[in-house]
Structures are given as structure tokens and as C-alpha cells.
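Trainee: Heads up: the protein sequence lines correspond to chains H and Y, in order.
Numbering-wise, the first sequence is residues 1 to 419 according to our numbering.
Numbering-wise, the second sequence is residues 1 to 255 according to our numbering.
Please note that the accuracy of each hint is not assured.
Taking lysine to any residue and the SDA-like style, the derived pairs with C-alpha atoms no more than 25 angstroms apart in a straight line are [stated by the list, open to error]: (1) H:Lys109 <-> Y:Arg160; (2) Y:Lys163 <-> H:Pro23; (3) H:Lys109 <-> Y:Ser157; (4) Y:Lys163 <-> H:Tyr13; (5) H:Lys170 <-> Y:Gly182; (6) H:Lys109 <-> Y:Pro154; (7) Y:Lys117 <-> Y:Ala144.
Chain Y regions said to be covered by chain H (calculated; three or more residues, Cβ under 8 angstroms) [unchecked claim]: (8) 128-137; (9) 145-157.
Calculated directly from the structure, the hints in this document are not laboratory data.
Note that the structure is a prediction, hence the values are computed from the model and not measured.
We put the CB at the ideal spot given by N, CA and C, even for glycine.
Each chain is listed here by its residues.
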Amino acid sequence: MDIFDFSEGREGYYGEYGGVFLPEILQATIEELLECFRECKADPKFWQDYVALLQNYSGRPTPITHLENLSRTLGGAQIYVKRDDLNHTGSHKINNVMGQGLLCQRLGKSKVIAETGAGQHGFATATMAAKFGFDCKIYMGAVDVARQRPNVFWMENLGAEVIAVEDGQKTLKDAVNECMRDWVTNMADTHYILGTACGPHPFPEMVSWFQSIIGLEAREQMLKQAGRLPDRVYACVGGGSNAMGIFQGFMNDDNVELIGSEGGGHGVGSYMHSSRLAYDDATVGVAQGYKTYFLQNDEGNMNETHSVAAGLDYIGVNPIFAHLHDQGKVRFEAATDVEVKEALKLTMRTEGLIPALESTHAFVTAIKEAPTMGKDQIILINQSGRGDKDIFTIADALDDAKWKSFIGGKADQYRGEKN
Amino acid sequence: MGLQHFIAERKQSKDILVMAHVVCGYPSFEENLQELEIMAEAGVDLVELQFPFSEPSADGPLFVHANEQSLKSGTTVEQCFEFMQLVSARFPFKVLMMGYYNTAFKMGEAAFVKRVKDAGGVGYILPDLPIEESPELHRLSEEAGIEPIILMTPTSSDKRLAKLGAVSRGLVYVVARKGVTGSKTQMGDDVLALIERCREHTDVPLGVGFGISTKEDIDVLRGHADIAIVGTAALKTWEQGGAPALREFFAELMA
Ligand SMILES: Cc1ncc(COP(=O)(O)O)c(C=O)c1O
Chain H
1 MDIFDFSEGR
11 EGYYGEYGGV
21 FLPEILQATI
31 EELLECFREC
41 KADPKFWQDY
51 VALLQNYSGR
61 PTPITHLENL
71 SRTLGGAQIY
81 VKRDDLNHTG
91 SHKINNVMGQ
101 GLLCQRLGKS
111 KVIAETGAGQ
121 HGFATATMAA
131 KFGFDCKIYM
141 GAVDVARQRP
151 NVFWMENLGA
161 EVIAVEDGQK
171 TLKDAVNECM
181 RDWVTNMADT
191 HYILGTACGP
201 HPFPEMVSWF
211 QSIIGLEARE
221 QMLKQAGRLP
231 DRVYACVGGG
241 SNAMGIFQGF
251 MNDDNVELIG
261 SEGGGHGVGS
271 YMHSSRLAYD
281 DATVGVAQGY
291 KTYFLQNDEG
301 NMNETHSVAA
311 GLDYIGVNPI
321 FAHLHDQGKV
331 RFEAATDVEV
341 KEALKLTMRT
351 EGLIPALEST
361 HAFVTAIKEA
371 PTMGKDQIIL
381 INQSGRGDKD
391 IFTIADALDD
401 AKWKSFIGGK
411 ADQYRGEKN
Chain Y
1 MGLQHFIAER
11 KQSKDILVMA
21 HVVCGYPSFE
31 ENLQELEIMA
41 EAGVDLVELQ
51 FPFSEPSADG
61 PLFVHANEQS
71 LKSGTTVEQC
81 FEFMQLVSAR
91 FPFKVLMMGY
101 YNTAFKMGEA
111 AFVKRVKDAG
121 GVGYILPDLP
131 IEESPELHRL
141 SEEAGIEPII
151 LMTPTSSDKR
161 LAKLGAVSRG
171 LVYVVARKGV
181 TGSKTQMGDD
191 VLALIERCRE
201 HTDVPLGVGF
211 GISTKEDIDV
221 LRGHADIAIV
231 GTAALKTWEQ
241 GGAPALREFF
251 AELMA
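When you get a sec, could you build the whole thing from the sequences and use the hints?
Mentor: So, in C-alpha cells, the structure goes:
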């Protein structure tokens with residue numbers, strides 16, 4: 001199955017989802033982007049350069065790790081983890097960003113803009129821009145700026161301008177709108193580096209293509225290290241880029257089940273979550289340039305969303321997943337904020353791994369299901385990022401007294417310096 | 001009477017028409033009515049009623065704020081249609097629905113067309129709906145006798161303009177510059193050249209908008225465009241000075 005073969009359907013459509021819904025003023029820009037992307041995808045040298053860049057700059061291929069302790073503790077399936085947290089800047093976001101950086105060079109544009117939620121994509125974009133010499137502007141919801149200060153700190157020190165978006169819900173979706181507004185003005189010299197497999201065509205395909213490196217590596221590594229393919233593969237789903245990345249390695253393996261884990265927030269029925277497919281609250285709509293399942297009301301205005309993980313806190317899901325969900329090709333589950341904190345503690349204590357809060361959603365679902373599976377079965381989890389960046393949120397969640405007193409001391413010190 | 005016919009008729013006594021804009025429910029429907037009274041008095045020919053949307057990504061800061069506040073105060077699509085009905089019955093200007101495609105998509109395209117028509121609207125402007133995605137909606141609109149307004153822009157190639165021109169009906173909205181609604185446009189040779197390019201590809205009247213705020217802007221367009229579209233400047237004036245300021249704004253604009 002090649003989901004990106006549009007010869008029999010409409011270009012940019014996955015079932016009834018996807019498409020391009022943009023103001024006319026961007027039509028020429030998106031056409032130029034599509035043309036450039038088609039050239040890159042058809043050029044084996046482009047992919048070779050891309051892989052070499054990630055090897056030399058970001059430490060690819062990232063390893064897979066067998067979690068023997070956690071597997072034993074749970075008493076079921078053998079758990080393996082794909083370690084995309086070991087990338088430079090700490091998450092899978094750098095894959096897409098480096099790819100689009102190379103593409104931006106081909107486009108001949110000198111400026112890049114990006115939205116960011118958790119700050120990981122903004123951090124990766126600022127890093128790439130510093131390396132490639134692009135001017136860089138990052139739009140980030142004011143709420144996210146407040147909860148992800150460490151990433152903001154790095155973005156600014158890497159030379160990017162970080163703009164706190166005060167509109168709407170002040171989170172990821174509002175940062176996307178602000179990028180669109182920048183882009184309709186500055187498209188002549190600016191490329192919009194969308195951070196996930198959402199938005200208008202060709203972004204879902206393009207971001208998925210760059211992220212497919214995760215699955216390509218993982219499939220080969222599993223065969224080598226575990227001796228066979230996994231029975232199930234788990235990934236967290238915000239927009240869906242890391243999940244598309246790892247799933248593509250196993251899309252044609254009918255015996256491998258693919259499971260996406262969304263932000264369950266306060267749980268089913270709470271209306272304070274980011275589960276578009278696992279819960280029944282989302283409906284099909286058109287916003288932010290594409291058609292998919294959105295968390296919206298009957299009149300098509302978007303609802304408030306919530307997840308403890310800023311990177312999952314988003315209204316829409318990539319159109320490819322909307323289609324694969326309809327087809328029964330990918331199963332979707334949700335992990336609640338509470339479950340995420342518990343799974344994170346367990347993973348840290350048993351394995352010494354600190355997954356990002358986003359990635360921990362995949363762990364939750366895997367940890368729930370592993371004990372119901374046989375000891376000879378194998379599961380693979382994509383650890384899309386590392387949790388260091390979440391230290392403030394995690395310390396709060398764990399209510400860590402020593403951390404609080406440390407921060408109090410720091411605050412006193414800064415106040416003293418000001419006087 | 002169809003939109004194009006209405007424009008032709010009005011143009012017999014004026015060399016350029018004016019289309020104005022209000023965001024439904026912002027600051028409130030009562031204030032919208034006061035604004036529309038003033039616009040009607042001043043002789044405004046067409047009005048876009050913007051239905052607020054939660055993700056107004058083609059709008060600038062002032063309209064973004066207006067969309068957000070209107071939704072916060074509870075404005076619904078149903079209320080907007082009721083308002084449209086009231087307005088189109090009360091005033092001599094023609095009314096267009098303006099908004100984002102999701103509003104139409106969620107109610108269903110056929111229901112949307114019927115509601116616009118029943119509420120007395122002569123057409124609609126959905127800036128995030130490209131022509132590639134609208135054949136069915138255009139067909140339904142033609143059947144109902146309302147017009148889907150197409151946008152032509154400074155980044156559109158001649159080839160693209162030809163494509164847009166081929167499906168244009170009622171009037172074409174010429175976007176005077178890149179960017180979102182709101183900031184000022186330097187009305188000059190660039191805009192006139194764009195109008196000329198658009199004219200080559202369509203026979204329907206041309207309305208020019210984005211950043212028009214003064215009589216001088218309109219004077220530049222006179223003899224070139226059929227309609228001057230005024231949006232943000234009027235709302236800004238209302239916010240700063242209320243009814244008296246808006247009355248003065250339109251008096252000067254249309255002098
Ligand atoms: C570590 C990490 N994982 C996952 C995500 C979610 O994005 P996606 O679903 O596109 O992989 C984010 C987003 O910021 C992230 O930072």
C-alpha cells in the first residue's frame with residue numbers, strides 16, 4: 001500500500017481527508033513548494049544528503065533499546081524502544097526540520113518561520129536556522145511560552161525571535177494561525193516549516209517522508225536485534241509526525257499492529273483532552289488549511305483542548321491518520337494526564353529512561369497492554385523525545401519539595417542581583 | 001435582481017461603488033445595526049457580514065480580536081443568519097456572507113446556500129476555499145441564484161487569473177496586496193496594474209480591497225475598479241469614536 005500514490009484519487013487526499021484550503025494569495029507559494037518537494041523526493045541524492053546530515057549532526061541512526069526490567073516487571077510482551085530522544089535537540093522534530101532546511105535551500109529562501117507547542121519543534125528549527133544561516137521567527141502560544149521556558153531560552157540564545165501569540169486559546173493552534181498570517185505576507189523570501197504532518201498538502205506527505213527515517217531504521221534494527229518484527233508498535237499522536245515516522249516502517253507488514261496514543265487529558269467525557277480519534281468528540285471539519293477530524297462544536301468553531309503534554313495539545317489530527325483510522329489500519333487509544341505521570345515514574349525507576357511527556361503517552365498504552373500479551377511477543381515504542389525539557393511540569397506533578405526550594409533560592413538570588 | 005445587475009444599475013449614477021464590512025456580533029448586534037444605519041445613510045452599496053470563526057487565519061489583529069470577542073459573547077451561526085435577514089430587508093444595500101469555509105462545511109453546502117439565499121444574501125466570500133475545492137458549492141449557488149465571490153491576488157500568475165476568471169460570477173474581489181486584512185496599502189501603480197491584469201481575465205465587476213481607508217485611496221481606484229472595499233478602517237473608526245466618528249468617516253470617504 002502506498003498512501004502517497006495519488007494516481008487514482010485526488011492529489012493530496014487520503015480518503016476524504018487532506019486537501020489544500022488556503023487563501024488564494026498562497027496558491028503560487030504552495031504550488032512552488034509542491035514542485036520543489038516532488039523534485040527532492042524523486043532525487044536519490046537529496047535523500048542521501050538528508051541521511052548524511054542527520055548522521056553527522058544529530059547522531060542518527062538512533063538505537064533501539066530492549067527494556068528488560070520493565071518487560072520483566074510487567075510480565076508480558078518484550079518491550080523495545082526506538083530512541084529518537086537521543087537526537088540533537090532531544091526529539092524527532094529535528095528530522096523534519098533538517099529535511100525542510102535542505103528543501104528551503106533549494107527554494108532559495110532566506111527566512112524560516114515555525115509554530116511550536118512544546119517548544120521542541122521551535123528549538124529544532126532555531127538550531128537548523130543557526131546552522132544554515134536562515135533568519136528565524138518562532139510563533140508560540142503565550143500559554144506554552146509560560147510552561148516551556150527552557151525551550152524558549154534556547155531558541156532565543158540560538159538567535160531566533162520568539163513571538164508569544166496572545167490570540168485565541170494561546171496554544172499551538174493559535175501559533176499555526178499566526179504563522180499563516182506571516183506567510184501570506186512574507187512568502188516571497190520565507191518558508192514555513194510546519195512541525196507536524198498536518199496542514200495543507202504537501203505538508204502531511206512531506207513531513208511524513210522526512211520522519212519515515214525513524215521507521216526505516218527501526219524495522220531493520222528490530223530484525224537484527226530482536227530477530228523478528230514487533231507484534232505491535234506504539235507512538236504518541238499530536239499532529240502525528242513521529243507516529244507516521246515509525247509506522248511507515250511497518251505499513252506493509254500485515255502482522256504488525258499500529259497503535260497511536262493521544263492526549264487523554266482529564267479523560268473521556270471531560271471535554272478537557274486532545275483525543276480526536278480515540279474519543280468520540282471530534283468531527284470532520286476544515287481549518288488551518290486541511291480537512292480532518294477536529295475537536296469543534298456543531299457550528300465548526302474549535303473547542304478548547306488540553307493535555308499535560310503541550311506537544312499533544314492540538315485540535316486536529318493528520319489527515320492520513322483520519323483515513324487510516326477509517327480503514328482500521330491504525331488503532332487509536334488515549335492516555336490521561338494521571339496515567340502519564342504514573343508511567344513516567346515507572347519508566348524512570350525501572351529503566352533510567354526519561355521520556356518526554358508526549359512520548360510517555362505511548363508508554364502508557366504499551367504498559368497497559370504488555371501484560372495481556374505473551375512473553376514471546378514483542379512490542380516497540382517510539383520514544384519521540386526526552387523529558388528533560390519538562391522538568392518544571394514534572395517537578396510540579398511530583399510535587400517535589402527539594403526542587404521547589406531550589407527554585408525559591410534561585411528566585412531570591414535573581415531578585416538580589418536586580419537590587 | 002442578481003448581484004451583477006445590481007452593480008451595473010448602481011454604477012449608472014456613480015463612478016465607483018463602496019462595499020463595507022461588519023463582524024457580526026462585534027461589538028454587539030445592536031452596534032452592528034447602528035453601523036449599518038450610518039453606512040446606508042452614506043450610500044454604501046454592498047455590505048459583507050462576517051460570520052465569526054475561531055481560527056480566522058486570513059485576518060489581521062483587529063478582525064481577529066472582533067471574531068474572538070463575538071464568539072466569546074455567544075454569537076451563533078443561526079443568529080448571524082437571522083441578522084442577515086433583518087439587515088437585507090431593512091436596508092437598500094445588498095448583503096454578502098463573509099466567513100471561513102468550515103461554517104458552510106459544517107452545516108452542509110446545500111443548507112448553507114439555502115440559508116444565505118433565504119436570508120436575502122446575494123452571495124458569499126469564503127477566503128480559505130480555493131476554486132479547486134468548490135465546484136459543487138458553485139453549482140448549488142448557481143441553481144439558487146447567489147454568487148460565490150472569487151479572489152484574485154497580486155501573486156496570481158496570468159495562467160491562474162485565467163482559471164479564476166473562467167469561474168468568476170457576480171463580482172471579483174481583487175486583493176490589493178499580500179498579507180492579512182488591516183494594515184495600510186500604498187494605492188498606486190502596482191494596484192492599478194493588478195486591476196488591469198484581472199480585467200483581462202473576467203467580465204464581472206472588480207472590487208478592490210485590503211487596506212483602503214481614505215477618499216484618496218478611492219480616488220486612485222476611480223475609473224479603474226468598480227467597487228472599493230472598506231473593512232478594518234471603518235471598524236477602527238467605530239472603536240475609537242463611535243457613531244459620530246463613523247458618520248464623519250463615511251461622509252469624507254464617499255464625498
Ligand atoms: C517529544 C515530542 N513528541 C511528540 C510530539 C507530538 O507531535 P507529533 O505527533 O507530530 O509527533 C511533540 C510535539 O511537540 C514532541 O515534542
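Trainee: It remains to establish, for every hint, whether it holds in the given structure.
Mentor: A quick look at each hint next to the structure:
1. H:Lys109 <-> Y:Arg160: Judged against 25 angstroms, a Cα distance of about 23 angstroms means the pair holds.
2. Y:Lys163 <-> H:Pro23: At roughly 15 angstroms apart (the allowed maximum being 25 angstroms), proline 23 of chain H and lysine 163 of chain Y satisfy the hint.
3. H:Lys109 <-> Y:Ser157: Within the cut-off at roughly 20 angstroms; holds.
4. Y:Lys163 <-> H:Tyr13: Holds, at about 22 angstroms.
5. H:Lys170 <-> Y:Gly182: holds (21 angstroms)
6. H:Lys109 <-> Y:Pro154: holds (19 angstroms)
7. Y:Lys117 <-> Y:Ala144: holds (7 angstroms)
8. 128-137: Result for this restraint: holds, n = 5.
9. 145-157: holds (count 8)
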